[in-house]
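J.: Spelled out from the first residue to the last, the chains are:
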Amino acid sequence: MPLLELRGLSKYFGGLAAVNEVDMEVREGEIRGLIGPNGAGKSTLFNVVTGFYKPTQGTVAFNGEDITGVRPDIVAGKGLVRTFQATVLFPMFTVMENVLAGVHLQSNVGVLGGIFHPFVPSVREKTARGLRRASEIVEFMGLGDLRSFPAGSLPHGHQRILGVAVALATEPKMLMADEPVTGMNAEETDMMMRTIQKIRDELGVTILLVEHDMRAVMGMCERLTVMDFGRKIAEGSPKEIRENPAVIEAYLGAED
Amino acid sequence: MQSRVEPLKNLGYGIPLKFYIALAAIALVFLVPTIITNAYYIRIAISMTLYIMLVMGLRLMITGGEFNLAIPAFMAIGAYTAALLMTEKGWNWWPCMIVAGGMAVVIAAIVGRIVLRVKGIYFAILGFALVMIMRNVWLTWPDLFGGTSGISNIPTISGLSGSLDSFYYLGAGLAVFTVIIMYLLDKSRYGLTLKAMGQADNLAESVGVNVMRYKLSAFVVGAFFAGIAGAFFASMQHFIDPEEFGFAMVLFIILYAVAGGMRSFIGPIIGVIVLLALPVGLKEIPGYDPKIEPIIFGGILVAIMLFLSQGFVSLPEKLLTLYKWVRERFRREEVEEYAAT
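Residue numbers (the numbering used here), protein chains in the order written: chain A, 1 to 256; chain B, 257 to 597.
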């Protein structure tokens, strides 16, 4: 059974089909690349899968459970978490606090828990556990030296890594990274790619990467799915994709 | 536990020194009537306790990224609930206070679900609309709520001597209670989650925060304290009417919060104290005409927006930066003079 399964997924904005009848299966433990030229509908697909948009048609199943049109916080609770294309962080928090916010799912505290928190051992234990967990993730992501640094003033590459760390703090089964290496230099790209590989290898998290830079993902994804104009046009190993005429046409334009 | 985790600014409680300063401040609050004997000043101090209760509710929601202007509506609900129970049913004030807070909570929980469907400026406008709607509610059923003339002859609080000082002590107690609860919330995981939402609600949502639930709970907590403040206000004044909880109150709450500094916990409290004390101080100036007060307040707000965007609380920091800048300037001139010789 695939971990993530999309069936006939469509999202229309007015008359425009941003995502059009996409079928896709991601197996557990896989690093899957979702590529395509700008405007192919990759990010819309992301938003539909993670519940930020409601699909017009089709279904999304995660871990055997139908999550079509379910709210993002609930999707996250089921173990499917995304990162954002733009650098979305809690800029006024430190690195540690950012990750701690991500640990939320594991140590959710309501109003009463908030008020009585210093006096109730179980709530205090929850908070302490959250802190320990956040600390582990900060170390794992190699941000240990920057833990007290305000997120908003980190260098771009580290901000993106922190974005992944925040998502990872929820202890997901599957991580969907939206253009994790956009705007990065070669060194930063390399760092990010190694980190993502490590997350899969050491934590067993399934990964779906969106990228429009084909070269960046070719090296690390076992399988690639290619989208163009909202449709899935190809799927296969990097080698197959590189030789696929439809993909070449989508990226370079048809040869007349 | 582990040793690697340093204390965080936004979670957990600060250094013990802070705790003692807070204790000293609370002690000072309760010493006010023994220091100040002027009845007018005590009235101002009572207003401060009331506004502190209101402004803390605004600040709680600001940390979650929303501007809750509906606070006076819930204060009115609390005030009318308590006033009616006391005058019509002859209830004692204390249970009335609880019911007033509860009524505000129930109505906030229902209305909040509707108005929180929008965010940002739209939510602020709806909050303001709630204030206007409640005012109309009081005016529409004069048999029940007394219409424009409001409700009068509200009895005093039982167990209290009824003197101004006794009202101050109760008000101060309620305000301190509010501030302590808000501080506990602010430094807990609950507060951390609210602050996270305030910075990036989409990211908070994507890591599993039910944004609506958190906003709603913050809205309800603010309404609860506003409701209690309303009950206190009704009994202290012995009289309420719909105009008390209107546009002016919304404006003052915003002004105090913004002027004090919304980002810091203590900011709105300082805003209330400074701006309520200011007219008192100004009246001491010979030849001062209170008519120009709105101009002064407006001027202060503009000045804060321009020079102190983080409010009064950022003043020491700003002054330090200014001092360093000036010192640097002089030093450079000295060096240049020296180089010229």
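Treat the hints as calculated values from the structure; they're not laboratory data.
These numbers were taken from a predicted model, which means no experiment stands behind them.
Incorrect hints may appear among the rest.
With a Cα cut of at most 30 Å, we get these calculated DSS-like pairs of lysine-lysine [said to hold, decoys possible]:
no., chain 1, residue 1, chain 2, residue 2
1, A, K126, B, K580
2, A, K126, A, K239
3, A, K198, A, K173
4, A, K78, A, K126
5, B, K547, B, K274
6, A, K54, B, K274
7, A, K126, A, K54
8, A, K54, A, K239
9, B, K574, A, K78
Computed spacing ranges between beta-carbons, pair by pair [as the list claims (entries may be wrong)]:
no., chain 1, residue 1, chain 2, residue 2, range
10, B, L575, A, T56, 28 to 36 Å
11, A, K198, B, Q566, 53 to 61 Å
12, B, K345, A, G69, 28 to 36 Å
In this text, a Cβ means the ideal position worked out from N, Cα and C, and glycines have one as well.
J.: Each hint: holds or not?
T.: Each hint tested on the structure:
no. : hint                           : in the structure
1   : K126/A with K580/B             : 44 Å, violated
2   : K126/A with K239/A             : 48 Å, violated
3   : K198/A with K173/A             : 14 Å, holds
4   : K78/A with K126/A              : 20 Å, holds
5   : K547/B with K274/B             : 40 Å, violated
6   : K54/A with K274/B              : 48 Å, violated
7   : K126/A with K54/A              : 34 Å, violated
8   : K54/A with K239/A              : 34 Å, violated
9   : K574/B with K78/A              : 47 Å, violated
10  : L575/B with T56/A: 28 to 36 Å  : 58 Å, violated
11  : K198/A with Q566/B: 53 to 61 Å : 40 Å, violated
12  : K345/B with G69/A: 28 to 36 Å  : 49 Å, violated
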